[in-house]
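Residue numbers (the working numbering), protein chains in the order written: chain A, 1 to 435; chain B, 436 to 787; chain C, 788 to 1125; chain D, 1126 to 1435.
No lab work stands behind these hints: they were computed from the structure.
Heads up, some of the hints might be wrong.
[Unchecked claim] Below, simulated BS3-like cross-link-like pairs (lysine-lysine); rule was C-alpha separation at most 25 Å, straight line:
#1 C:828 x D:1185
#2 A:234 x C:1015
#3 A:276 x A:101
#4 D:1245 x A:276
#5 A:409 x C:828
#6 B:509 x B:543
#7 B:728 x B:759
#8 B:463 x B:555
#9 C:828 x B:566
#10 B:509 x D:1245
#11 D:1185 x A:155
#12 B:564 x C:1015
#13 A:220 x A:136
#14 A:136 x A:101
#15 C:1015 x B:509
#16 B:465 x B:564
#17 C:985 x A:426
[Stated by the list, open to error] Distance ranges between label pairs, derived from CB positions:
#18 A:382 x C:798: 55 to 61 Å
#19 A:50 x D:1190: 36 to 42 Å
#20 A:422 x C:856: 47 to 53 Å
#21 D:1280 x C:865: 47 to 53 Å
#22 A:215 x C:865: 45 to 51 Å
#23 D:1280 x A:219: 42 to 48 Å
#24 C:865 x A:50: 48 to 54 Å
#25 C:972 x A:50: 47 to 53 Å
#26 D:1280 x B:510: 45 to 51 Å
#27 B:464 x D:1246: 37 to 43 Å
#28 B:490 x C:1108: 53 to 59 Å
#29 C:969 x A:234: 57 to 63 Å
#30 C:817 x D:1346: 14 to 20 Å
#31 A:53 x D:1346: 39 to 45 Å
From the three backbone atoms N, C-alpha and C, an ideal C-beta is built for every residue, glycine too.
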Amino acid sequence: MRASTWVRALVPLLGVIVVAVGCGTGGASNAGSVKVIAVWSGQEQASFMAVLKPFIDSTGIKVQYESTRDEDAILKTRVAAGNAPDLAAAPSPQLLTQFAKQGKVRPLNDAVDMSALQSSTSQGWIKLGEPLNDGKLYQIFSWAAVKGLIWYDPKNFSAKNYSVPKTWQDLLTLQSTIKSSGTPPWCIAVASGGAADGWPASDWLKEIVLSQAGPDVYDKWVAGTQTWTSTEIKSAFQTFGTVLGPNDSNVYGGKNTILATQFGDVGTPMFANPPKCYMLNQASFITTFFTSAVPSLQAGTDFTFFPLPDINTSYTGAHVVAGDSWSMFNDTPQARQLIKYLTTAQAQDIWVKRGGKLAVNKQVSLDDYPDPLSKLSAQILVNTQIAKYDATDNMPADMKNAAWKGLLKFISNQNDLNTILADLDKTQKTAYTAA
Amino acid sequence: MAAVTYDHVVKRYTADVTVVKDLNVDIKDKEFMVLVGPSGCGKSTALRMLAGLESITEGQIRIGDRVVNNVAAKDRDIAMVFQSYALYPHMSVYDNMAFPLQMQHMKKDEMDRRVKNASKILGLDPFLKRKPRALSGGQRQRVALGRAIVRSPKVFLLDEPLSNLDAKLRGQTRIELQKLHRELETTFIYVTHDQVEAMTMGDRIAIMNAGILQQVGTPGDVYDHPANLFVAGFIGTPTMNFVPVTTSDSTAKASGFEAKLPKSVPAGKGTLGFRPEALTDRQSADGSNLQMKVDVVERLGSDQYLYGQVGSDQVTARVDPRMKVAPGDTAQLGLDTRSIHLFDAESEVAFF
Amino acid sequence: MDFSVLLQDIPTLLVVIIGVPAILAAYIVGGEFLVRRLPDKNRPQVRPWIWVGPALILVAGYLLLPAIGTIGQSFENNAGNWVGFNNYASQFADFPQGGAWVAIRNNVIFWLIFYTIFTLAFGLVLAVLFDRVRYESVVKSLIFMPMAISSVALGIIWIFMYQYSPTGESQVGTLNAIITFFHHDPVVWLQDQWPSDKFNLLNNLALIGAATWGITGFSMVILSAALKGIPGELLEAARVDGAGELTVFRRVIFPLMMPTIVVVGTTLVIFALKAFDVVYVMTGGNYNTDVLAFRMYEQLYTAGNSGHASAVAVILLIAVIPVLIFNLRQFRAVEARR
Amino acid sequence: MTVAAAAQPTTVAARFSPGWITQLLQRYMLHVVVIGLTVAWMLPTIGLLVSSFRPFALTKTSGWWTALSPLEFTLQNYTDVLDQSNLGQAFFNSFMVSVPATVIPVTIGAFAAYAFAWMKFPARNWIFLALVGLLAVPLQLTFVPVLSFYVNTLHWTTSNLENIGIPGLPWVPLWLAHAGYGLPFSIYLLANFFRALPSDLFESAEIDGAGTLTVFFRIILPLSVPALASLVIFQFLWVWNDLLVALIYVGGAPEVAPLTVNLADLTTSLGQGSNLLTSAAFFSMVVPLIVFLSLQRYFVRGILAGSVKG
């Protein structure tokens, strides 16, 4: 066949394409739209969509929501390539702070009604949104979670006549009482599907640093000016060591189980009969894992929590919190409208009612929380005297990862502490300048 | 239907690798020309240059009057049968044969007629729907021929087409090919390393060695009057006897005998050549007789070959099968000096 | 759940399914059409570029230029200032546990050797064995099945397989269930400290095993295609010559499959050097299971340090060079045989 | 064969060995080995399959092999996936992504492989080597430069491509990306295959009057069906299962996001709903398996047999 034959054969095909192209559904939506990227998928995405619904209905603005588990990679690529979304929410403000430093996100001072924000949100949360300390607001927090909650099964406690510890000493006593009864007191699980392994252990450390060494050390630690080898941080590790016990003997299954178990499965041994451990430390969201693994569990009767007792009484009422923060990459009217909406009690209330999150906005009524436990944690959030944001989440990503990995090493061999801390110091030197 | 001319053709791959050196051959229209030579002598390259599969470094190749150096293979009006047959494995026998005609955009009925015709000539009718893998070696070979025939080309090129066949089939096919040549009345150019094929099939033979054409001529010519030592040794089985001699005037003195030469030659060193059939048990009239110490006796029924020593030279003789001789005997043999050859020791060119 | 959209948009799908190949065919036919307008002499000079052109443009745009940029970036810090070999120095610092050493060891020793050999060997053995049974297509499809599983799902499956519960508890993970069935203590596959806590082999092998499981279908299918390309007469001839089955395999099948084995082997070596998914999903590079591609990813996206990331990527590219030299020899040899 | 031969130690024969036992062993050994290996290979998949039908709570406390006693199966995981994901749209999107992203690199790769295998041009071997070397480039490194080229130079983003209204246009960057990333492997595999085809076939075709195109379409492609089929499968699988490249180039918007993105979204950022991934994995496997099974028959014995061998 010569070329001409091929050409003849192709003409009808090309015709089809041209016709198809011509018939394509043209036209863009004129109502305007906002592109949003966040990590929420699955049930969380459904909740977020419910939050957005009244906004879309009233303004007609289309919200193009993209969820991604790999937010670091996706967002960094998009932003670097100049294809940033209009708004992004991140579970770790550090990512957004990086963009603030690079000048990729817009200050929000004009975008939102600052006076309204100040009246509805505590100063601490607003302060967290000004990471560059230049008086400009780069991030706005919408929902939060309380960390450092010690979960237990009240039926187990009453069966053995254990009482909820009020002081750190009480906790240590309870710990050894339980241990001497033949059951390890704690359940700890730090696996998180690969890359994020280790973060649940950091919850312990952060809480201990804040409660033992106080908010100033905590802030310096986050900022990278408090070395890991300093006595304060080192003794925080050692305190965590007393919880773990020698060779992790205070924990169900020892180090192998701690390292190999997914954090969501941490509660399963506690609900076994007889219980294989009595307590675990997790943030407020862990309840959904409890109930999906053992659907018969009832909040309040089968599990409840007490806040981690204060280690150093001079810092009473100190708590680590975490939350979702928002940044604006493109200053469009639609983006402004949406971020403003997200600060309102109306918007935050919707997710609060659906469960799993606590509102940052003080105007959200405590009565809107769906169960007594979330109400209790919301109360802690509101009443906390010293609220500090999740330390590792606020460190540069490199530092954060190194800290998580260091904790994994610490769990596998507590005797390596000095080496681990020295390595972390090395990372600390580079991580803060790199980004 | 066309003559083919190689005119000072050279094929060079790199500066120091020249595979065909200054090839000059005129192949007449409708001639069956065989290119023969040991493997690596450049004969296939010469054929592939003609086919248009290799570029020509220097010189010209003409088909008819047309210089084809820069003509694409498909436009040279030739057909080629490959040693491997090169059948398209995914096409039926029919499609294989029709393929070149489809390439010419031939009308379907004409194409059909030609394929049917070729398949009849070659006896392929029962196999037209089969794929090549369902055919025997001989049948595949005929399909390859058929694919060449259908095109009615000006020139047929055959590159060792029989080397993949067994001995018996090869003999038959040799005859079929000659018949085919007569029927088609087309120029055939046939490449082989087998001198028997060359001798039996060629109208003329072109013998090549190391890229150089040694001699062109009819089989008889080449056999009886080899141009040089190489041709003499290459053509004929068992091979010609070569004995180093010292010549003076018209006698040649070897280590074990003396031979009378038909012509006088300058005195010096040379190589005397004679075919086994020139050395018989009949005594020579001119007294070129010699004694052979027999090592091996080979009886073939119609012939009897003696392998042995004459003086210090290894020699083969063809004697009457009735002659009684055993290894270890000394045989009295006569050399027929009418059919001896003498080659220059240096240039290896034949004096006669 | 709504499949109606699928039906609704089928015309679009058809346009794309027909249109894309049509455009590609139009390109090559059109290109050839133009080539034929050229003088005879120029055609062989122009034609190859028409045929390789689109491929070269795409590869240059998506891989070559970014790769060149990467090499440049590996000598710069984040601010774009020239830092010489500093980025490399920090990768090679603190032998044997610091910098990129663990990743280099895992990639260049563990992954390169075990992954490549396991996959080739399994693929070859399965291809040869399956060639001799009539239900070949069924077993082949079953072995191939893991290929159809995405890396995320593959990670989930193998986290399942390797799951660990403390000694004495009922094991949920398949492998530990088998092991404890034989009265052995359960093994912590992914964290194990064997043979020593600075030199973990077992958990690297566990990851490599999971990756091998996923990719063996690939090597089996290609090797099996090559095996089927070997003419039966050749094997019969060898058998007639008195060769045993092992000899037939060693002396006839294996050499004839060699070109294909080289292709598959090269691909696997490169896959081994690029290993990422399994590590990312299953261990996150912890417990001495780091690999270069994952380290690069972490440096790039987590640490936000493009200089370090680029240096790691360049190390990875350099590791491929021996493979390239081997390939160059291989196709020179093929060329010489023509 | 090797196993069957090895499984018959000669020392046993000396003691107790009625001939028929040895024969029986020998005859069935192959099948035992083949089926044994296959079952062992499938164990992880079977585990996943069984788990996908078990209630989530049970999978946390007991192994999948205990599923028969007590018999407790549920379709919950499957119905949840159907309810929570937008499978219809996602399947459609996946097809819109995978088909062209397979066709383009395989076709363009075949063009180039033909040139690399059978045409002469300057620096041919070096370009080819560079291609193989580029196989090793970590894709993550290329995202920013490529994407910024789209955005800053061509002003192409998914949403404005979508707005033009030509069907398939939003996916064009993704198609080309997959083509770019898949081409080195396509070319490497095909060129090696093409190179192994007997040159006599092409020369014969050339004399028969076939042009470059005819040789390519009527001889090379039909003869390379096994290689093309394998390549199509691999490229299709790679694209179908890809998550990261899709997220980078088209994003996760439901109108364009392929199945992988959709299924990954079934779990929350904290990992809740991971039970759905078991059933989701099977949803995502269906199409690749159909593709494999339908192409399977092209891996036939000896497509070259009878072409050039005596």
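Going through the hints against the structure:
1. Straight-line distance between C-alpha atoms of residue 828 of chain C and residue 1185 of chain D comes to about 73 Å, which puts the hinted pair past the 25 Å bound.
2. Straight-line distance between C-alpha atoms of residue 234 of chain A and residue 1015 of chain C comes to about 65 Å, which puts the hinted pair past the 25 Å bound.
3. Between residue 276 of chain A and residue 101 of chain A the alpha-carbon distance is near 48 Å, which puts this suggested pair outside the 25 Å criterion.
4. About 73 Å separates the Cα atoms of residue 1245 of chain D and residue 276 of chain A, which puts this hinted pair outside 25 Å; it is violated.
5. Our distance criterion of 25 Å between C-alpha atoms is broken by residue 409 of chain A and residue 828 of chain C, whose separation comes to about 70 Å.
6. A threshold of 25 Å between alpha carbons decides the hint, and for residue 509 of chain B with residue 543 of chain B the separation of about 20 Å falls inside it, so the pair holds.
7. For the hint linking residue 728 of chain B to residue 759 of chain B, the alpha-carbon distance of about 14 Å falls within 25 Å, and the restraint holds.
8. As the CA atoms of residue 463 of chain B and residue 555 of chain B are separated by approximately 28 Å, the hinted pair breaks the 25 Å bound.
9. The suggested pairing of residue 828 of chain C with residue 566 of chain B is violated, with an alpha-carbon distance near 38 Å, which exceeds 25 Å.
10. Only pairs whose Cα atoms come within 25 Å are accepted, and residue 509 of chain B paired with residue 1245 of chain D is accepted, the gap being roughly 19 Å.
11. Using a Cα cut-off of 25 Å, the hinted pair residue 1185 of chain D and residue 155 of chain A holds, with the two alpha carbons roughly 22 Å apart.
12. Our distance criterion of 25 Å between C-alpha atoms is met by residue 564 of chain B and residue 1015 of chain C, whose separation comes to about 24 Å.
13. Our distance criterion of 25 Å between C-alpha atoms is met by residue 220 of chain A and residue 136 of chain A, whose separation comes to about 21 Å.
14. Of the pairs offered as hints, the one joining residue 136 of chain A and residue 101 of chain A holds, with about 12 Å between alpha carbons and a cut-off of 25 Å not exceeded.
15. Annotation: proposed proximity of residue 1015 of chain C to residue 509 of chain B is violated, straight-line Cα distance about 34 Å (limit 25 Å).
16. Taking the CA atoms of residue 465 of chain B and residue 564 of chain B, the gap is near 33 Å; set against the 25 Å cutoff, the hint is violated.
17. Pair hint residue 985 of chain C plus residue 426 of chain A holds up; C-alpha atoms about 19 Å apart against a cutoff of 25 Å.
18. Checking the proposed 55 to 61 Å range against residue 382 of chain A and residue 798 of chain C shows it holds: the Cβ atoms sit about 57 Å from each other.
19. Between residue 50 of chain A and residue 1190 of chain D, the C-beta spacing of about 40 Å keeps the proposed range 36 to 42 Å intact.
20. Distance hint check for residue 422 of chain A and residue 856 of chain C: the Cβ-Cβ separation is about 35 Å, which falls outside the suggested range of 47 to 53 Å.
21. Roughly 27 Å separates the CB atoms of residue 1280 of chain D and residue 865 of chain C, a value that falls outside the hinted 47 to 53 Å.
22. The given range of 45 to 51 Å is broken by residue 215 of chain A and residue 865 of chain C, whose C-beta atoms sit roughly 31 Å from each other.
23. The beta-carbon spacing between residue 1280 of chain D and residue 219 of chain A, approximately 44 Å, falls within the hinted interval of 42 to 48 Å.
24. Taking the beta carbon of each, residue 865 of chain C and residue 50 of chain A are about 40 Å apart, not inside 48 to 54 Å as hinted.
25. Between residue 972 of chain C and residue 50 of chain A the CB atoms are about 49 Å apart, so this pair conforms to the stated range of 47 to 53 Å.
26. Checked against the given bound of 45 to 51 Å, the beta carbons of residue 1280 of chain D and residue 510 of chain B, roughly 50 Å apart, stay inside it.
27. Distance hint for residue 464 of chain B and residue 1246 of chain D: a CB-CB separation of about 39 Å, consistent with the stated range 37 to 43 Å.
28. Taken as a hint, the range 53 to 59 Å is violated for the pair residue 490 of chain B and residue 1108 of chain C, whose Cβ atoms sit roughly 35 Å apart.
29. In this structure the supplied range 57 to 63 Å is violated for residue 969 of chain C paired with residue 234 of chain A, their Cβ-Cβ distance being about 44 Å.
30. Hint check: residue 817 of chain C to residue 1346 of chain D, Cβ distance near 18 Å, so the stated range 14 to 20 Å holds.
31. For residue 53 of chain A paired with residue 1346 of chain D, a C-beta distance near 53 Å fails the hint of 39 to 45 Å.
Checked against the numbered hints listed earlier, the structure breaks hints 1, 2, 3, 4, 5, 8, 9, 15, 16, 20, 21, 22, 24, 28, 29, 31; every other hint is satisfied.
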